[in-house]
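Chains as they are written, first to last, in our numbering: chain A, 1 to 242; chain B, 1 to 327.
Rather than coming from a laboratory, the hints here were simulated on the basis of the structure. Hints are supplied without guarantee of correctness; some may be wrong.
Simulated pairs of lysine-lysine, DSS-like, Cα-Cα distance not exceeding 30 Å [as the list claims (entries may be wrong)]:
| id | chain 1 | residue 1 | chain 2 | residue 2 |
| --- | --- | --- | --- | --- |
| 1 | A | Lys-90 | B | Lys-74 |
| 2 | B | Lys-15 | A | Lys-241 |
| 3 | B | Lys-175 | B | Lys-236 |
| 4 | B | Lys-6 | A | Lys-241 |
| 5 | B | Lys-175 | A | Lys-90 |
Beta-carbon label-pair distances, calculated as ranges [what the hints assert, rightly or not]:
| id | chain 1 | residue 1 | chain 2 | residue 2 | range |
| --- | --- | --- | --- | --- | --- |
| 6 | B | Ser-133 | A | Phe-172 | 41 to 51 Å |
| 7 | A | Gln-179 | B | Asn-68 | 23 to 33 Å |
| 8 | A | Ile-189 | B | Ser-21 | 53 to 63 Å |
| 9 | B | Lys-134 | A | Tyr-231 | 50 to 60 Å |
| 10 | B | His-179 | A | Tyr-242 | 49 to 59 Å |
| 11 | A | Trp-188 | B | Thr-14 | 47 to 57 Å |
| 12 | A | Ile-132 | B | Thr-14 | 30 to 40 Å |
| 13 | A | Ser-157 | B | His-293 | 45 to 55 Å |
| 14 | A | Gln-179 | B | Ser-87 | 24 to 34 Å |
| 15 | A | Phe-172 | B | Lys-134 | 18 to 28 Å |
| 16 | B | Arg-257 | A | Tyr-242 | 17 to 27 Å |
| 17 | A | Leu-119 | B | Trp-114 | 40 to 50 Å |
| 18 | A | Tyr-242 | B | Ser-21 | 51 to 61 Å |
| 19 | B | Thr-92 | A | Leu-57 | 39 to 49 Å |
For each residue, glycine too, the CB sits at the ideal point set by N, CA and C.
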Amino acid sequence: MRDVGIIFRREFRAYFYSPIAYVFTVIFVVLNSGLYMFHFFFFGNADMRAFFSSLPLTLGLIFIPAVSMRLWSEEHKLGTVELLLTLPMKIEHIVVGKFLASFLFYLVALAGTLAIPILLIILGKPDFGPIIGGYFGAILLGAFFLAVGIFISGFFSDQIVSLIITSISCGFLALIGWQYVPMVIDGWIPGLGEFLYQYVGVTRHFNDIERGVVDFKSIIYFLSFTALFLYLNAKSLERRKY
Amino acid sequence: MIELEKVCKNYGLTKALIDVSFKIEKGQIVGFVGPNGAGKTTAMKIITTYTAPTSGTVNVGGYDVLENPLEVRKLVGYLPETVPLYSDMLVTEYLQFIGEARHLNGKFKQRYDWVVQAAGLEPVLHRKIGVLSKGFKQRTCLAQALIHDPDVLILDEPTSGLDPLQIIGIRNLVKELAHEKTIILSTHILPEVATISDRILVINDGRIVADGSFDDLRKQVTRRSSVYLAVKSTKKDFESALKSVSDLEDIEYDNNRKRGEIGAHLFFKSSADPVSKLNDLIREQNWNILEFHPEKLSLEDSFIRLTQSTGSNNEQAEETSEEGGAE
């Protein structure tokens, strides 16, 4: 457990060594709030439905890949992976440490959007159930996407390649839960779209939680996929030895 | 302390190590010598548990690298060839991180002070690693390998890219550590390890081709002696005349001679006075001498010949075995 902490501290600090972290945090907050504000002024509803409905795509396509891309790609590029993997630490602890650092960074960025609910409280009487549910869902969703991102970054020494492939993968996971996309896939291969929508797609599970329906199945879905990708990440790095 | 038994390592179809076995006792300094791509780095990566051998067993300090990698890693300090450093960190932050990761706790302060002094890092402690010169980067990485006072020290090309003064510095540091630690260092420059190692392992094409002290190796390579001879004659006559000379191992013709002249480097098996033998031959043949002088092979030359000749032998062996397989 101590090893997790040591890796976590170095990784979290590393986010702030370069300006990229600040730039992406600002983009994330501005983009999401901006998209939401349009909706807010147009309909004048004191809720955050619009904010949360666009979240799977903005997170999956842009923000998460940018946060996760450096986790292993940078180590491969600098050669420091050789240093890390010859330290007397278990690979699983290193993976978890890195994951938690990126997760905390994501939480900091997500906290930046708390301005919206504060605004809603000042201007109206929002229903807190969906907002709290939404944030809870966003936390789970972010963890899942980050786990996918760290897994993918383990394979590439170029951060941009990691970014693009993570973006495609998370984008796919988000779109597959988007009702229209599975319908199209069902048109090609009957049953496949429905299967992907039910069991693989992220959006459906996210929407469940966001609606305030805290379904145990959806929580299990997010947690188990997060754990699975972290496990795969550790195994894939160990596999590189052979 | 370190024992490799029949270790093979394949990267896809490339064979990086073929049946490598050796044993290094506690306190020995061993130099890995070989041309680039010979398998030195691969052998080191296996000993440090970074890569796994395809077959064979590797034992470091009583622990198997596959079964007990964490225990092996505790014993080993490793300076990889790539000099892995986090370029955004300060030198002191980097060493602190390694100290924590190595679980030094209370011992850290004392080890940190020692390592900073030994590697000469005081002037750059609060600088970003990314802006350091190659020499300081190398030393920062060396400090990383030493900070936990490891029993085994694996240094992959520790002096590459350094200036002569820095090379001497690193050499002295290694010598200083020699008494208490088992050290393996690799290089492709033989004289560099000659002065500090107890033992030299020459690796070529994934095999150990020579193993012994520097003096042993020197005897092995300088047993061959070479003479340059240029006369007025035809190649045919020259060749047939040389057949009568005993101990002649190899002839390398000089293509830069004019027509009607022939010149060649003649390599002899033993140092049994080739000059007087050739003298007799020249008198017999009544040749007109254009040039005639013994040649001293530099250590590097003879080393290259040693690795090349074993390399070609291996190729021949492989060819014959392939033919055997086809039948």
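* Of the hints given before, which are not true for this structure? -> Going through the list in order, the structure violates hints 3, 5, 7, 9, 10, 11, 12, 14, 15, 16, 17 and 18 and respects the others.
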